[in-house]
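Q: Residues per chain are reported as follows:
Number of protein chains: 2
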Amino acid sequence: MVLVDIGNTNYHIYKDGNITHIKNICSFEEKVYYISVNNEKEKDLLIKNPHAINLKNYVKFKTRYEGLGIDRIMACKSIKDGVVVDAGSAITVDIMENARHLGGFISPGIYAFKKAFGTISEVLKLEPLPLKNNLPNSTDEALNWGSIGAVKCLIEKVAENKKIYFTGGDGKFLCNMFEKSEYIDDLVFRGMMITIKEMEKK
Amino acid sequence: MVLVDIGNTNYHIYKDGNITHIKNICSFEEKVYYISVNNEKEKDLLIKNPHAINLKNYVKFKTRYEGLGIDRIMACKSIKDGVVVDAGSAITVDIMENARHLGGFISPGIYAFKKAFGTISEVLKLEPLPLKNNLPNSTDEALNWGSIGAVKCLIEKVAENKKIYFTGGDGKFLCNMFEKSEYIDDLVFRGMMITIKEMEKK
Numbered sequence: 631m632v633l634v635d636i637g638n639t640n641y642h643i644y645k646d647g648n649i650t651h652i653k654n655i656c657s658f659e660e661k662v663y664y665i666s667v668n669n670e671k672e673k674d675l676l677i678k679n680p681h682a683i684n685l686k687n688y689v690k691f692k693t694r695y696e697g698l699g700i701d702r703i704m705a706c707k708s709i710k711d712g713v714v715v716d717a718g719s720a721i722t723v724d725i726m727e728n729a730r731h732l733g734g735f736i737s738p739g740i741y742a743f744k745k746a747f748g749t750i751s752e753v754l755k756l757e758p759l760p761l762k763n764n765l766p767n768s769t770d771e772a773l774n775w776g777s778i779g780a781v782k783c784l785i786e787k788v789a790e791n792k793k794i795y796f797t798g799g800d801g802k803f804l805c806n807m808f809e810k811s812e813y814i815d816d817l818v819f820r821g822m823m824i825t826i827k828e829m830e831k832k
Numbered sequence: 631m632v633l634v635d636i637g638n639t640n641y642h643i644y645k646d647g648n649i650t651h652i653k654n655i656c657s658f659e660e661k662v663y664y665i666s667v668n669n670e671k672e673k674d675l676l677i678k679n680p681h682a683i684n685l686k687n688y689v690k691f692k693t694r695y696e697g698l699g700i701d702r703i704m705a706c707k708s709i710k711d712g713v714v715v716d717a718g719s720a721i722t723v724d725i726m727e728n729a730r731h732l733g734g735f736i737s738p739g740i741y742a743f744k745k746a747f748g749t750i751s752e753v754l755k756l757e758p759l760p761l762k763n764n765l766p767n768s769t770d771e772a773l774n775w776g777s778i779g780a781v782k783c784l785i786e787k788v789a790e791n792k793k794i795y796f797t798g799g800d801g802k803f804l805c806n807m808f809e810k811s812e813y814i815d816d817l818v819f820r821g822m823m824i825t826i827k828e829m830e831k832k
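Just so you know, the sequences run in chain order A and B.
With the numbering used here applied, the first sequence closes on residue 832, and no number is skipped along the way.
With the numbering used here applied, the second sequence closes on residue 832, and no number is skipped along the way.
Treat the hints with care, since some could be wrong.
A pair holds if it fits inside one copy or across any two, identical chains being indistinguishable in the list.
Said to hold, decoys possible - Simulated pairs of lysine-lysine, BS3-like, Cα-Cα distance not exceeding 27 Å: (1) K762 <-> K710; (2) K744 <-> K653; (3) K692 <-> K755; (4) K782 <-> K762; (5) K792 <-> K762; (6) K653 <-> K745; (7) K755 <-> K686; (8) K678 <-> K762; (9) K744 <-> K755; (10) K745 <-> K810; (11) K710 <-> K690; (12) K762 <-> K692; (13) K832 <-> K744; (14) K653 <-> K782; (15) K782 <-> K755; (16) K787 <-> K831; (17) K792 <-> K782; (18) K710 <-> K793; (19) K690 <-> K645; (20) K782 <-> K745; (21) K661 <-> K792.
Worth flagging that the hints you see were computed from the coordinates, not collected in a lab.
Kindly generate the complete structure, drawing on both the sequences and the hints.
A: Right, dumping it as structure tokens:
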């Protein structure tokens, strides 16, 4: 069995307990289950793996959020209570309570912040650093506060006292900034596996 | 007398009590005082107005912040106690206490957020809206929370109970989101005028 999480930048592959990230998809001999937020990359996957199964058609998830991304649904499925942060191209933040999704928000990812500052002025170069507590007194710190620090502020506000679960490429870096937090690299794949088990029960 | 604030996107002109924003600079008959954060635009100003005076060389300002932009210095000069937010291409936030600058941070401006989301995915279209209190349950609200809402969260945190002064192109829009706030369209020019008075006293 191979699980594929198609993001906006990469294919994230889960096979034999290992996660890899690839730009171009290949054919798999094993049965393929996938989710996708990118139509073009999904087409390429289906050309190489015509029998791949889209788990979007089988997942059960309680939310009032219209158009919640399937990757966010999967990341949330294994968390009953807590905040789920997936830090990739975008940083998505979702709040779970009693296995219900209460809502969430979307911030730019760290690389997108970097590019955003770069388009404003060439002197605004974001180099991600651990955030200091004191008010910034240099451009380096000011850019970190105004981007990563602003997102951190809002995550802390919505988290109240809940535990925060991080996943995604920048998840580990962000996780270290929070006290009651845990980094889980296969969070999305855990949700996909739960969905497959639910399918098989029927 | 004409005051020119050269930003990264526009020339902001103060003349006879009126503010205008232009892309290309012209020659003025009056005496020109200016500040600049953009070298190319400054060169063009000096070609058309060779006797223009750069107020950066005359301003007095107490801060430990290294490399604080001259536009931020001028916006802060007329505020003794409070938070100063200049919302243009970037959103700069500075904290003043007893006429001392304590530090500040830099976030992307609203247009830069818009472009940043656009580069992640074409479905992430930020349309700035007044922020609702409830957790977002749609992509529109989620993008507003995760960008403008995150910056708002950090402004509120650093402001504690201080009054917040807004200026810049998106200043009015942001100002309406805060309780103890005021929008002052000529805040940077007020600082420039104080500096000219200080120069003349010598």
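Q: Would you mind marking each hint as holding or not holding in the structure?
A: Now the hints, each set against the structure:
Taking CA atoms no more than 27 Å apart as the test, K762 paired with K710 passes between copies only; the shortest distance there is 25 Å, against 32 Å inside one copy. In this homomeric assembly, K744 and K653 come within 27 Å of each other (Cα to Cα) both inside a single copy, at 21 Å, and across copies, at 26 Å. For a Cα distance limit of 27 Å, the shortest separation of K692 from K755 across copies, 25 Å, qualifies, whereas the shortest one inside one copy, 41 Å, does not. In this assembly of identical chains, K782 and K762 lie within 27 Å of each other by CA distance both inside one copy and across copies; the values are 12 Å within and 19 Å between.
In this assembly of identical chains, the alpha carbons of K792 and K762 lie at most 27 Å apart whether taken from the same copy (23 Å) or from different copies (22 Å). Both within a single protomer and between protomers do K653 and K745 lie at most 27 Å apart by alpha-carbon distance, with minima of 20 Å and 23 Å respectively. Taking CA atoms no more than 27 Å apart as the test, K755 paired with K686 passes between copies only; the shortest distance there is 23 Å, against 39 Å inside one copy. In the homo-oligomer, the alpha carbons of K678 and K762 never lie at most 27 Å apart, since the shortest distance is 47 Å inside one protomer and 44 Å across protomers.
In this homomeric assembly, K744 and K755 come within 27 Å of each other (Cα to Cα) both inside a single copy, at 7 Å, and across copies, at 19 Å. With identical chains, the CA atoms of K745 and K810 are never at most 27 Å apart, being 30 Å at best within one copy and 33 Å at best between copies. For the identical chains of this complex, K710 and K690 are intra-copy neighbours only, at 14 Å inside a copy versus 56 Å across copies, given an alpha-carbon limit of 27 Å. Taking identical chains as interchangeable, the C-alpha atoms of K762 and K692 lie at most 27 Å apart only when they sit on different chains, with a minimum of 22 Å there against 38 Å within one chain.
When the C-alpha separation of K832 and K744 is checked against a cutoff of 27 Å, the pair qualifies neither within a copy, at 46 Å, nor between copies, at 44 Å. In this homomeric assembly, K653 and K782 never come within 27 Å of each other (Cα to Cα): the closest approach is 29 Å inside a single copy and 36 Å across copies. Taking identical chains as interchangeable, the C-alpha atoms of K782 and K755 lie at most 27 Å apart whether they share a chain (19 Å) or sit on different chains (22 Å). In this assembly of identical chains, K787 and K831 lie within 27 Å of each other by CA distance neither inside one copy nor across copies; the values are 39 Å within and 49 Å between.
Taking identical chains as interchangeable, the C-alpha atoms of K792 and K782 lie at most 27 Å apart whether they share a chain (14 Å) or sit on different chains (22 Å). In this homomeric assembly, K710 and K793 come within 27 Å of each other (Cα to Cα) only inside a single copy, at 11 Å, whereas the closest approach across copies is 40 Å. For the identical chains of this complex, K690 and K645 are intra-copy neighbours only, at 23 Å inside a copy versus 62 Å across copies, given an alpha-carbon limit of 27 Å. Proximity of K782 and K745 under a CA criterion of 27 Å is satisfied in both settings, with 19 Å inside one chain copy and 21 Å between copies.
Taking the shortest alpha-carbon separations for K661 and K792, neither the intra-copy value of 37 Å nor the inter-copy value of 60 Å comes in at or below 27 Å.
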